[in-house]
Amino acid sequence: MASIVAVIASTHHPFYYRASTATGEDRPPFADEWTRKILAFRETLTRANPDVLVMVGSDHFHQLWLDNMPQFLVGKAPFYDANWYNEEREFGLPRMLLKGQEDLSAHILRAGLDDGFDLAFSNELRIDHSITCPIITLRPEADLPIVPIYTNIFAPPLPQPARFVKLGESIRRIVESWPSHLRVAVIGTGHLSLELGGPRQFGPHGPDPEFDRRAVEWIATGDLDSCLREVTLDSLHSPGNATHGFMDFMLMMGVAGAGAKADHVDTLDLFHTMEAYFTWYPNGAPA
Amino acid sequence: MSKYLLNKFLYTVDRDPELVERYRDEPGELVAWWEDERANTVLNCVTGESSTWLRFTDDERAALISHDHVKLFELGAHPFLTLTLFIAMFERDNTEPLQYQKAFGARLAHFDMPYPDIAT
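Line order of the protein sequences matches chains H and V. Residues 245 to 531 (my numbering) make up the first sequence, in order. Residues 43 to 162 (my numbering) make up the second sequence, in order.
These aren't lab readings, by the way, just hints derived from the structure by calculation. Hints may be right or wrong, so weigh each one.
As the list claims (entries may be wrong) - Quick list of in silico lysine to any residue cross-link-like pairs, SDA-like style, CA-CA up to 25 Å:
(1) H:K505 to H:L472
(2) V:K144 to H:L472
(3) H:K281 to H:G447
(4) V:K113 to V:M131
(5) V:K113 to H:D478
(6) V:K113 to H:E334
(7) V:K45 to V:Y157
(8) V:K144 to H:P443
(9) V:K113 to V:A148
(10) V:K144 to H:F515
(11) V:K45 to V:A81
(12) V:K45 to H:R417
(13) V:K45 to H:A399
(14) V:K113 to H:G447
(15) V:K45 to H:D311
(16) V:K113 to H:P400
(17) V:K144 to H:D311
(18) H:K281 to H:L472
(19) V:K45 to H:L310
(20) H:K343 to H:R286
(21) V:K113 to H:P401
Claimed, not checked - Label pairs and their in silico Cβ distance ranges:
(22) V:G70 to H:P400: 24 to 34 Å
(23) H:A502 to V:D135: 45 to 55 Å
(24) H:G268 to V:K144: 17 to 27 Å
(25) H:P400 to V:L140: 24 to 34 Å
(26) V:W95 to H:G268: 52 to 62 Å
(27) V:T83 to H:A502: 42 to 52 Å
Heads up, the beta-carbon is just placed ideally off N, CA and C, and yes, glycines get one too.
Produce the entire structure from the sequences given, and follow the hints as far as they go.
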């Protein structure tokens, strides 16, 4: 059976690529510290030596649209073109080509349906920055095959927070039941408090530092009980109008397991959002 | 209201560089053309499958033509779509980093929680 060698959760700040590659007067003052933190974070994946990446993200109305909106969707394609014109335009993100792992996609779809999740699938996904940003930060070689899993955190009605946790728990079981010798890392990106297109956007830090502090504590300690007790679809409006992306962090807590303390925890207070990085090693930290 | 169509306008214009420029330079012409020619294309089908009933309300059409992002927020347009398209059109006029984005937020300062419903 396949083994999960690392579970990784992070934010997916689209400005990292531009900030980290900028030079001279264009390089922002926070770029060096941000890059140092990302290099340490990247090492947590490199040490786990994965063969395949299962990547959880949220499409930003690039691929998925209100004419036919899935709640949870698994990509099943041999290759994925990645990044869109409006991401090049706004964030300077490069076009990318990622290889798919269709056998694992098929296994997740079959076992996920049998486990009670009516997963949608797509044979022609074009990936956006929720998945390419962790490639850029964690595996810039972009040399490992992926299985993309998209969640709807964007277009109401949304699934309940507990549903995200259960999907994470299911993904853990399903990947571990995959008849393969390959080493799998599960990587997911979400948000802490965040406001986009509203009055609290682009402040000097995230719109709700107190929510961020509690959220980082829940994730770092695997405190799913407190998290599920305090987080509801309604409550997530308070920390910022884009904070429902936090449910993808909750999904990753489900993958890591209740009570599982993260082996790597780091944060960076950036303008308009708190960056956060977590890694768990389910089978123990690699030497 | 037809929040769905409002969002569809923002979504389809934002992903097409030519339409972004037309919407910046000639919003009245672009909105009229889009509503006549593009609005009701359904699921990428042939024109024979177009919707027979979707159209903007007068308020929605006027907000789009006047680039009124505050009114679009009030009408429940998805704020991510409005923000990204308006950044594409107007960030270039900044004289300092994030100037447009901060001004965009400041113009919405009179909105309290709960914000207008964005469900379609």
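So, going through the hints one by one against the coordinates:
| no. | hint | verdict |
| --- | --- | --- |
| 1 | H:K505 to H:L472 | holds, 17 Å |
| 2 | V:K144 to H:L472 | violated, 33 Å |
| 3 | H:K281 to H:G447 | holds, 22 Å |
| 4 | V:K113 to V:M131 | holds, 17 Å |
| 5 | V:K113 to H:D478 | holds, 24 Å |
| 6 | V:K113 to H:E334 | holds, 24 Å |
| 7 | V:K45 to V:Y157 | holds, 15 Å |
| 8 | V:K144 to H:P443 | holds, 9 Å |
| 9 | V:K113 to V:A148 | holds, 14 Å |
| 10 | V:K144 to H:F515 | holds, 12 Å |
| 11 | V:K45 to V:A81 | holds, 13 Å |
| 12 | V:K45 to H:R417 | violated, 40 Å |
| 13 | V:K45 to H:A399 | holds, 12 Å |
| 14 | V:K113 to H:G447 | holds, 22 Å |
| 15 | V:K45 to H:D311 | holds, 12 Å |
| 16 | V:K113 to H:P400 | holds, 20 Å |
| 17 | V:K144 to H:D311 | violated, 32 Å |
| 18 | H:K281 to H:L472 | violated, 29 Å |
| 19 | V:K45 to H:L310 | holds, 11 Å |
| 20 | H:K343 to H:R286 | holds, 20 Å |
| 21 | V:K113 to H:P401 | holds, 23 Å |
| 22 | V:G70 to H:P400: 24 to 34 Å | holds, 31 Å |
| 23 | H:A502 to V:D135: 45 to 55 Å | holds, 50 Å |
| 24 | H:G268 to V:K144: 17 to 27 Å | holds, 25 Å |
| 25 | H:P400 to V:L140: 24 to 34 Å | holds, 28 Å |
| 26 | V:W95 to H:G268: 52 to 62 Å | holds, 55 Å |
| 27 | V:T83 to H:A502: 42 to 52 Å | holds, 47 Å |
In summary, the structure is inconsistent with hints 2, 12, 17 and 18 from the numbered list given earlier, while agreeing with the others.
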